[in-house]
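K.L.:
Using the sequences and the accompanying hints, generate a full structural model.
Chains as they are written, first to last, in my numbering: chain W, 1 to 112; chain Z, 1 to 209; chain D, 1 to 623.
You may find that some hints are simply not true.
Example chain Z residues on the side facing chain W (calculated, C-beta under 10 Å, incomplete) [said to hold, decoys possible]:
#1 151
#2 153
#3 155
#4 156
#5 163
#6 177
Derived, one-sided and incomplete: chain Z residues facing chain D with beta-carbon distance under 8 Å [claimed, not checked]:
#7 25
#8 35
#9 118
#10 134
Read the hints as simulated data drawn from the structure, not as lab findings. For glycine and all other residues, C-beta sits at the position ideal for the given N, C-alpha and C.
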Amino acid sequence: MTSNQQLSSGNPSVDIEYRRKKNAEEMRYQVVSFSLMIFLTLVAFAAVAMKGFTAWFTVPFIMLLAVVQVIFQLYYFMHMSHKGHEAPSLFLFSGLFVGLVTVLAFSTIIWW
Amino acid sequence: MHTEEKMTYETWPAAPEKSTLEAKNKFLGFWLFLGGETVLFASLFATYLALKDKVPSTSHALAKDLFELPLTFVATMLLLTSSLTSVYAMYHMKNFAFKKMMVWLGLTVLLGAGFLGLEVYEFNHYVHKFHHTFTSSAFGSAFYTLVGFHGAHVAFGLMWILTIMIRNSKRGLNLYNAPKFYVASLYWHFIDVVWVFIFTVVYLMGMVG
Amino acid sequence: MSTYSQKKGFGATLWDFLTTVDHKKIAILYLIAGGFFFLVGGLEAIFIRIQLAVPNNDFVSAGLFNEIITMHGTTMIFLAAMPLVFAFMNAVMPLQIGARDVAFPFVNALGFWLFFFGGVFLNLSWFLGGAPDAGWTSYASLAIASKGHGVDFYLLGLQISGIGTLIGGINFLVTIINMRAPGMTYMRMPLFTWTTFVTSALILFAFPPLTVGLVLMMFDRLFGANFFEVSMGGNTVIWEHLFWIFGHPEVYILILPAFGIFSEIFPIFSRKRLFGYSSMVFATVLIGFLGFMVWAHHMFTTGLGPVANAIFAVATMAIGVPTGIKIFNWLLTMWGGSVKFTTPMHWALAFIPSFLAGGVTGVMLASAAADYQYHDTYFVVAHFHYVIVGGVVFAVFAGTHLYWPKMFGTMLNEVLGKITFWLFFIGFHLTFFIQHFLGLWGMPRRVFTYLPGQGLSASNMVSSVGAAFMGVAVIVMLLNIIITSVKNVKVGNDPWGDGRTLEWSIPSPPPFYNFKQLPLVRGLDAYWLEKMDGKKGMTPAEPLGDIHMPNSSFLPFMMSLGLFIAAFGAMYHVDKEPWALPLMIFGLLVTFGSMFMRSVKDDHGFHIHKEDLIDDDEKGVKA
Chain W
1 MTSNQQLSSG NPSVDIEYRR KKNAEEMRYQ VVSFSLMIFL TLVAFAAVAM KGFTAWFTVP
61 FIMLLAVVQV IFQLYYFMHM SHKGHEAPSL FLFSGLFVGL VTVLAFSTII WW
Chain Z
1 MHTEEKMTYE TWPAAPEKST LEAKNKFLGF WLFLGGETVL FASLFATYLA LKDKVPSTSH
61 ALAKDLFELP LTFVATMLLL TSSLTSVYAM YHMKNFAFKK MMVWLGLTVL LGAGFLGLEV
121 YEFNHYVHKF HHTFTSSAFG SAFYTLVGFH GAHVAFGLMW ILTIMIRNSK RGLNLYNAPK
181 FYVASLYWHF IDVVWVFIFT VVYLMGMVG
Chain D
1 MSTYSQKKGF GATLWDFLTT VDHKKIAILY LIAGGFFFLV GGLEAIFIRI QLAVPNNDFV
61 SAGLFNEIIT MHGTTMIFLA AMPLVFAFMN AVMPLQIGAR DVAFPFVNAL GFWLFFFGGV
121 FLNLSWFLGG APDAGWTSYA SLAIASKGHG VDFYLLGLQI SGIGTLIGGI NFLVTIINMR
181 APGMTYMRMP LFTWTTFVTS ALILFAFPPL TVGLVLMMFD RLFGANFFEV SMGGNTVIWE
241 HLFWIFGHPE VYILILPAFG IFSEIFPIFS RKRLFGYSSM VFATVLIGFL GFMVWAHHMF
301 TTGLGPVANA IFAVATMAIG VPTGIKIFNW LLTMWGGSVK FTTPMHWALA FIPSFLAGGV
361 TGVMLASAAA DYQYHDTYFV VAHFHYVIVG GVVFAVFAGT HLYWPKMFGT MLNEVLGKIT
421 FWLFFIGFHL TFFIQHFLGL WGMPRRVFTY LPGQGLSASN MVSSVGAAFM GVAVIVMLLN
481 IIITSVKNVK VGNDPWGDGR TLEWSIPSPP PFYNFKQLPL VRGLDAYWLE KMDGKKGMTP
541 AEPLGDIHMP NSSFLPFMMS LGLFIAAFGA MYHVDKEPWA LPLMIFGLLV TFGSMFMRSV
601 KDDHGFHIHK EDLIDDDEKG VKA
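P.N.:
Dropping the structure here:
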């Protein structure tokens, strides 16, 4: 809570123009990943709209698309690809693991 | 360093969302909270999967009767786009462009509100056309609880973003409110992440059968 | 801004505690509230044992007995054991890592008040038409059929206190990750801090399933949903899974801090560093991980199928390995040390065989085929009391004696402490050892009475006599607390003389900013290292400077009070009471209004100036 526990708020000698450029460059990546996400969504909806496929193909396929799309969200939109996200990743993936075990249990060992 | 300090374009740090200890704590604490939320939604998904199409009699509508592609598609596009607008808002926050950030946040709120409106219409439609209600079957309870929980998150996110927008409209960006904007945008992305699984698991898989 | 308490009026002190965001005061609140609920739960235990002392007893009716056992279990787990370990985490962990405060002091206070109001809400059921009666596990098939509002009190009360626990856990995690003193690397953290860390992670992932389970059942009971209504397509096994996905990590949430407390006691009173520190850390993390893999061993007889039962049986037995590592490490810590038999050390020594017995029966229960015999008998009751009383409650007693001087600045009486110990230790084994055999002889759990001539009478009487011993032990301890507080003999930084970690390097009780200058940590057992180098205290890692502290706030109390009010509204809404819905809306307005206040009102805290700190020091010398 004290000033001496804080890291300095950023190096004043950092070139602002450089930072601005980096931000703009990152924003371009963001737009690219957004386009990819929209594309993946379209593919998923199309796969369901076209009645030709069996559920055995469609369900794993759209799940895969969802997972890829979420990775884009997490790593680009939520900046998990940046440094300083070690603890967030650890806890997010732990949560994901517990969640997956739960889903697995509920789709196997609930009576039906 | 005082967090209320008036910042300028020159003094604005590269990572305003974690430039003070308070901000770093908030940043990490919120990520941990999202880890917990992951388990919360996973439990709801698991319950939904266990109770999908579990209805008391054959007269009840099942998932494949209820869902329609166009409505879900429009809702998905609204929410996905709102994710991008909130990325733009954070981009301008990092460049200390307060006005632009507010504009993009405003767009995010509008898109989110549109999504919520569609959801209200959709629920209404199911209730009146299919008599598919919260109390009509276990399937109904599970469906409205999962999708409704997500909808409640959207509503809460809207109120939250609006509150910090109004609160800070007069005073611009500083190191006290920058982490607040950042964390709210993280929350908004997380809502989108959950929606990706909802449209896949509930709607698309529901239509596949 | 002096830290040494001037005489303050009762009102001022009360207001201070109602608005405090200081982790040390919140620790005291947790200790008082948890201690109170421990007494309530203990009283319920005594009633259970009176009822079962003789066959065909009619001390309480069958229905009331169900309420008592439900409330005994729920109170002891959620309202006594959890807050008591939270008390020690709050009191000690920030000091152990050399932090001036926790990461989210406001959230910390909010966590306490949510727990407190949830607990009060749950216990008010006794006066408002009857307590919950579906067992502490509240299985859906029983709970949704339960008449009256008992189970609703359970659902809403646990929901409120559960949120408090969850945010408390996040606070501890961020504190440990972000706020360690210079030099305090992860592998230099005291074991109690490590167990707090892993416990908090378990809380973060285990409480959401409970939240969901409680929400589903609340929707069923209060809003007409059909999650557990089989005729409408529902499925009661869902509750069992959700409850135990939470419930099994919950027992590790309780036992890991207990392990942490004992891992502090053994080195202090053996005057030797903890044997196998890194393997202790490893074992703690491994137990935390495995804790999520084993929940279905509570459901072996539900009919999950042989494959699932086999997987969960093996995973359960695997937990014995890291636990065994810990037991051996504790034993080897004492090996060759110069052991001092203080009160905390008594509890620690008694813990090893007692907990081990519980662990052994745990492995027996883990074998799925045999479990069909043990299931729902007193064997299970004996098992979980051996691990929870022999582990957690022993640790709470040990921690109370160990940390009392650090929290209150005065030592509990050692003679009375040892009397408490012997009475409780004997009473505990008298009560629960025989219950293993009662179970094997076929006595089912949760029955309100039994017939004479079945060979159960004498053993039940033995068990009840043991409970009386434990009751007397707790009374002796209360007397000890009163006598000690009245005498109030002040002690110095390191009252046990052999403190090893940072909390013993600062005054007892510590000033509200904890460390005037943040200490430089040079290794494991930082304070011990400095003492061995002949120094009196820690080397500061920073020059004397202004200290930033958070402001007190009444909002945590108001937020929690709002939910407490809203819960009544939600509950009586079912009875078509006209005032129920407005009451619920009013309560939610109080909560969200307080949250809104918090959001729009900036709170930057305040600074203690360097000059005042020096001033404080001089007063400290006088005091």
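K.L.:
Now look at each hint and say whether the structure bears it out.
P.N.:
Hint by hint, here is what the structure shows:
The restraint placing residue 151/Z at the interface with chain W is violated, with a minimum CB-CB distance near 19 Å, outside the 10 Å limit. The criterion of a C-beta within 10 Å of any C-beta in chain W is not met by residue 153/Z, whose closest approach is roughly 15 Å, and the hint is violated. Annotation: interface hint on residue 155/Z violated; nearest CB of chain W at approximately 20 Å, more than 10 Å. With a least beta-carbon distance of about 18 Å to chain W, the hint placing residue 156/Z at the interface is violated under the 10 Å criterion.
At about 21 Å, the closest approach between the beta carbon of residue 163/Z and any beta carbon in chain W exceeds 10 Å, and the interface hint on this residue is violated. Interface restraint check for residue 177/Z: the shortest CB-CB distance to chain W comes to about 15 Å, outside 10 Å, so the restraint is violated. Given the 8 Å rule on beta carbons, the hint for residue 25/Z holds: about 4 Å separates it from the nearest Cβ of chain D. With its C-beta approaching chain D no nearer than about 6 Å, residue 35/Z sits inside the 8 Å limit, and its interface hint holds.
With a cut of 8 Å, the hint placing residue 118/Z at the interface with chain D is violated, because the nearest CB-to-CB distance is about 24 Å. Against a cut-off of 8 Å between C-beta atoms, the interface hint on residue 134/Z holds, since the closest Cβ of chain D lies about 6 Å away.
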